[in-house]
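Take a look at the letters that make up each chain.
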Amino acid sequence: MRRATWLGGILATLLAAFWLGLDPRDLAEADPDLWVAFLRAAIQPALYDEATGTHWLVPQVLHATWATVSLATSGMGLALAIAAPLTLSSSVRFTGGGVLCAVSRTVIAAMRSVHELLWAVLFLAALGLTPSSAIIAIAIPYAGTLAKVFSELIDEAPMDGARGLQASGASPLQRLVFGTLPSALPDLCAYALYRYECALRSSAVLGFFGFPTLGYALASSMDSAHFHEVWTYLYALFVLVWAADRWSWAVRRRMVRA
Amino acid sequence: MTVEALYAARPKDRFLRGSLVFASLLLLGAVATRDGALSELWSPRALRNLARFLEEVRPTWTVAWWREAVPFAAVTNTVALAVAATGLATGAGALLSIGAAGTITTPEPWLASARPPSSSARWVWHGARISTRFVLVILRAIPEYIWAFLLVALLGLGAWPAVLALALHNAGILGKLFAETLEDAAPSAPRALRSAGASRLQIVGAALIPTVLNRWLLYLFVRWETCIREATVVGMLGVVSLGWFVSDARSRTHYDEMVALVAVGSVLILIGDAVSLWLRGRLRRR
Chain A
2 MRRATWLGGI LATLLAAFWL GLDPRDLAEA DPDLWVAFLR AAIQPALYDE ATGTHWLVPQ
62 VLHATWATVS LATSGMGLAL AIAAPLTLSS SVRFTGGGVL CAVSRTVIAA MRSVHELLWA
122 VLFLAALGLT PSSAIIAIAI PYAGTLAKVF SELIDEAPMD GARGLQASGA SPLQRLVFGT
182 LPSALPDLCA YALYRYECAL RSSAVLGFFG FPTLGYALAS SMDSAHFHEV WTYLYALFVL
242 VWAADRWSWA VRRRMVRA
Chain B
82 MTVEALYAAR PKDRFLRGSL VFASLLLLGA VATRDGALSE LWSPRALRNL ARFLEEVRPT
142 WTVAWWREAV PFAAVTNTVA LAVAATGLAT GAGALLSIGA AGTITTPEPW LASARPPSSS
202 ARWVWHGARI STRFVLVILR AIPEYIWAFL LVALLGLGAW PAVLALALHN AGILGKLFAE
262 TLEDAAPSAP RALRSAGASR LQIVGAALIP TVLNRWLLYL FVRWETCIRE ATVVGMLGVV
322 SLGWFVSDAR SRTHYDEMVA LVAVGSVLIL IGDAVSLWLR GRLRRR
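Chains A and B, in that order, are what the protein sequence lines are. Residues 2 to 259 in this note's numbering are what the first sequence lists, from first letter to last. Residues 82 to 367 in this note's numbering are what the second sequence lists, from first letter to last.
Since the hints were made in silico from the structure, they are not lab data. Just so you know, these numbers come straight off a predicted model, no measurement behind them. Glycine is no exception: its CB is placed at the ideal position from the N, C-alpha and C atoms. Do not take every clue at face value.
Said to hold, decoys possible - Computed far set for chain A versus chain B, every beta-carbon distance over 10 Å:
#, residue
1, Ala85
2, Pro86
3, Gly99
4, Ala110
5, Glu157
6, Gln175
7, Val178
Unchecked claim - Pulled from the structure, derived: some chain A residues nowhere near chain B, Cβ distances all over 10 Å:
#, residue
8, Arg41
9, Ile44
10, Gln45
11, Gly54
12, Val59
13, Pro60
14, Val62
15, Ile83
16, Gly98
17, Pro159
18, Asp161
19, Gly211
To be verified - Within a straight-line C-alpha distance of at most 20 Å, the following computed EDC-like cross-link-like pairs (lysine to aspartate or glutamate) qualify:
#, chain 1, residue 1, chain 2, residue 2
20, B, Lys93, A, Asp188
21, A, Lys149, A, Asp188
22, A, Lys149, B, Asp354
23, A, Lys149, B, Glu306
24, A, Lys149, A, Asp224
25, B, Lys257, A, Asp246
26, B, Lys257, B, Glu306
27, B, Lys257, A, Asp34
Using the sequences and the hints given, assemble the complete structure.
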């Protein structure tokens, strides 16, 4: 099985490359000057506007960064609010299986199966270019993913606490909140923070659709071939994602210890 | 102990409390500034837009219409993009993971050498490991869509920028995960080979790869699921996957076709997830 899977994978890759007409010679045809200019700009990110050379870029970078953070945070906040009831209804332990659980799992699968950028395209058509479109576009698929993983984490958490409470006559909600949740909490928080990191990336990409995040600034700099500015924005995104990753790591470590 | 005493003795952590406060402040700040507010959702303009949109998205249930709206090539290209990118990412991730693994890229792998390594040897090995890890961090910090946008500008339109974009981001993720499995592998076999004089690469090929392959396959399939999602979307930059047809329908304001294409993409993702889940289940049982 293992060997067959690997061989199948290699064969499938070659087949897919052939299907798409991927030819390594096409890569050699790319303009080397453009590449060199782009990569050279990596070590000299712009601090000043490249068009004039005098206008300080930092306020613009900070503005785009804050727009990215605020979109991601609102989207994530809404996603958590939607995910909370869906987590309960998708948890086998809380509902005891049954129709509600099955329906709820189908709903969250549907929410997840449309990419946030496609949700964004739908909401741009339905609502126009307002921050709401972007926030809802992030919130729907993220709520689906959060509810799926949260309900799995709750179902896999140790049973002992909940059993003890059941013996003393606690309701299902009490068993969940006081018996199961405390042991699942570090994993829940770690996963929520990981998704926040993903939300920052998604929010940056939503800039390509006209929202004022890092993606918007990056796209307009790239379109005017201002490679140094492009790298400034790339580094800003990198720092943002890296900070979120470190935060999530520190929170998880302390929660497991406590 | 009374409940009050238990409550007073609960574990407290200043950093965690600070984190909670910081997260709440971020949320408040985000909602307060215009970029993060849901306020415009109920404006008359948005509601008018919504009514017009729903008017245009009347489903048409004829086979001919669906065949016209959703070209078969869009679906096959999306799957092919995901497969080719996962294949490339696995190759690149495997190579990078060897450089990033702390047990391999170190002056004294698995066994202390007879003479302590020179300080320049230390610098070279640690430098190589740290720079490989840095490359991996950069690769995965930049989202697929941004890689694709940059590569379309540098390489021109075609399948290459899309495949490379997905491959670069996933090579960063797979490289990290593969390196962790290499580091966690049992050290007994590598140690025995090392004492018999095997080189690093010989040990990787003979002792490590066989033990980690199964785990790598599991990771690979998880990333393949994500690749199908992203392959749909990078099409919007002009590569002929589902996303291209979505943005084309959007620019022609044929919203019914657009919704149909998004629905097909959603079904494709659900099928991909199911296939991957089934294969992973079979692999786990081995």
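Report the numbers of all earlier hints that the structure fails to satisfy, in ascending order.
4, 24 and 27
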